[in-house]
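Undergrad: First to last, the protein sequences are chains C and A. For the first sequence, the numbering used here gives the first residue as 12, with consecutive numbering after it. For the second sequence, the numbering used here gives the first residue as 515, with consecutive numbering after it.
Hints in this document: simulated from the structure, not taken from any laboratory. Note that the Cβ used here is the ideal one computed from N, Cα and C, for glycine as well. Watch out, some of these pointers could steer you wrong.
Taking CB as the label site, the calculated pair distances span [to be verified]:
1. ALA613(A) - GLY247(C): 42 to 50 Å
2. GLN579(A) - PRO186(C): 47 to 55 Å
3. PRO90(C) - ALA619(A): 48 to 56 Å
4. GLU173(C) - ASP641(A): 56 to 64 Å
5. PRO534(A) - ALA188(C): 49 to 57 Å
Just some of the chain C residues that point at chain A, by a computed CB distance under 10 Å [unchecked claim]:
6. PRO56
7. SER64
8. LEU230
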Amino acid sequence: MSSWHAAQVVRTEPLAASARVLTLAVPGFAGALAGQHVDVRLTAPDGYQAVRSYSLARVGRDEVVELAVDEVRGGEVSPYLVHEARPGDRMEVRGPLGGYFVWRPHDGGAVQLVAGGSGIVPLAAMARARAAAPTSDAPFRLLAAVRTPADAFFAKELDSTEGLTTTWLYSREAPPASTRPPGRLTLDDVTAHAFAPDVGARVYVCGPTGFVEAAAALLVDAGHDAARIRTERFGGV
Amino acid sequence: MAVFTRGFGGRRPDSERPVPPGQYLTDDFPVLSIGPTPNVDTSTWQLTIRTEEGAEHRWDWAALQALPAEDVTVDIHCVTRWSKQDTHWRGVPVDAFFADVETAAEYVVAHSFGGYTTNLPLDDLLDGRAWVVTEYEGEPLEPLHGGPVRLLVPHLYLWKSAKWLRALTLHLDDEPGFWEQNGYHLYGDPWSEQRYG
Numbered sequence: 012m013s014s015w016h017a018a019q020v021v022r023t024e025p026l027a028a029s030a031r032v033l034t035l036a037v038p039g040f041a042g043a044l045a046g047q048h049v050d051v052r053l054t055a056p057d058g059y060q061a062v063r064s065y066s067l068a069r070v071g072r073d074e075v076v077e078l079a080v081d082e083v084r085g086g087e088v089s090p091y092l093v094h095e096a097r098p099g100d101r102m103e104v105r106g107p108l109g110g111y112f113v114w115r116p117h118d119g120g121a122v123q124l125v126a127g128g129s130g131i132v133p134l135a136a137m138a139r140a141r142a143a144a145p146t147s148d149a150p151f152r153l154l155a156a157v158r159t160p161a162d163a164f165f166a167k168e169l170d171s172t173e174g175l176t177t178t179w180l181y182s183r184e185a186p187p188a189s190t191r192p193p194g195r196l197t198l199d200d201v202t203a204h205a206f207a208p209d210v211g212a213r214v215y216v217c218g219p220t221g222f223v224e225a226a227a228a229l230l231v232d233a234g235h236d237a238a239r240i241r242t243e244r245f246g247g248v
Numbered sequence: 515m516a517v518f519t520r521g522f523g524g525r526r527p528d529s530e531r532p533v534p535p536g537q538y539l540t541d542d543f544p545v546l547s548i549g550p551t552p553n554v555d556t557s558t559w560q561l562t563i564r565t566e567e568g569a570e571h572r573w574d575w576a577a578l579q580a581l582p583a584e585d586v587t588v589d590i591h592c593v594t595r596w597s598k599q600d601t602h603w604r605g606v607p608v609d610a611f612f613a614d615v616e617t618a619a620e621y622v623v624a625h626s627f628g629g630y631t632t633n634l635p636l637d638d639l640l641d642g643r644a645w646v647v648t649e650y651e652g653e654p655l656e657p658l659h660g661g662p663v664r665l666l667v668p669h670l671y672l673w674k675s676a677k678w679l680r681a682l683t684l685h686l687d688d689e690p691g692f693w694e695q696n697g698y699h700l701y702g703d704p705w706s707e708q709r710y711g
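I would like the entire structure built from these sequences, with the hints used as guidance.
TA: Here it is as structure tokens:
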């Protein structure tokens, strides 16, 4: 776990205006659990290095790392990964990391995913792992909050993933057919679309700090057991 | 041999002071917590120290306020690679809580409301190197950052500075806490880059 692996970009795909998927070939990377992340290290020509953590967007393939990176404006690493990196470019990867915010195919029971913005990435990895595990009949629901339809990562796929029911909630601009006015996540959204507390679902919440704070508090208000809610926050306040 | 990344320039820290290896400086204050932020009310808050013999020492909010607090300016380092320089806190040195505690134990587990735990050597909490803090940047510590009361152990990665502190238990052996059981280092010295176990 603690050693760096040489990695090479093999593919990049646009994901949203400020985000893209990067597929890296990483010899020696032995796979990961859905929800885990990796450290990515970039080295400038003078030897200066920068490291950031990124959630894996998909797990299950050895020696392949798939990231979905959202640009942090003014950031040091994400603008490079989103705009500059191209196939053949080299970097290093360490991981997988994190043993708590994970879903394992043999984990039984219902799963409620709650995403804010690019926080959907590790949750998409869980939904994909669920779909790829034919033995799992765990029902999954995803409540995904995004600014506009253009910010919805993996929308087409997640709308048709086996075993998963996805609800998109828009904070700034909703599609014309939407009956819910754009706005922040509310208690009504949670009670209307998330599993009821008595289902006893495991809940995974990921997103920017402010979103996760609000969403986790709403879930607790709605009656979910705080001990069953796992959170991953990013960004400052 | 270094793996160079074509087209990557990077941004050098403009601080005169060194940061620990693999860290970058940030001006905001990221939040990493394993679950919902617990609501901890100062009217019912208590801190308990329990020795390896089972003896308990307790402080409520009023007793905490009666202890001599000091202002602390320190750099903090999160294992997720951000560091923040010159953060200002106010709190009571952990030494004050151990003045009347008799123990032969060398290890401590800090316990949070919400169920989080983290382990530290007792020595790392003493000699003015750790505080029980209630203020950040001149304001009462926000729940988001561990308020009303958190531990501050700035010479170790910040996961050791348990938020929503409710108890310190003493142990003869080093017993891994939450992150220490989930892949992170038992001790967590940022200058030696002790991130992962």
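Undergrad: Against this structure, judge whether each hint is valid.
TA: For each hint, the structure was consulted:
| no. | hint | result |
| --- | --- | --- |
| 1 | ALA613(A) - GLY247(C): 42 to 50 Å | 37 Å, violated |
| 2 | GLN579(A) - PRO186(C): 47 to 55 Å | 54 Å, holds |
| 3 | PRO90(C) - ALA619(A): 48 to 56 Å | 49 Å, holds |
| 4 | GLU173(C) - ASP641(A): 56 to 64 Å | 58 Å, holds |
| 5 | PRO534(A) - ALA188(C): 49 to 57 Å | 51 Å, holds |
| 6 | PRO56 | 6 Å, holds |
| 7 | SER64 | 6 Å, holds |
| 8 | LEU230 | 7 Å, holds |
The structure does not agree with numbered hint 1 stated previously, though it agrees with all others.
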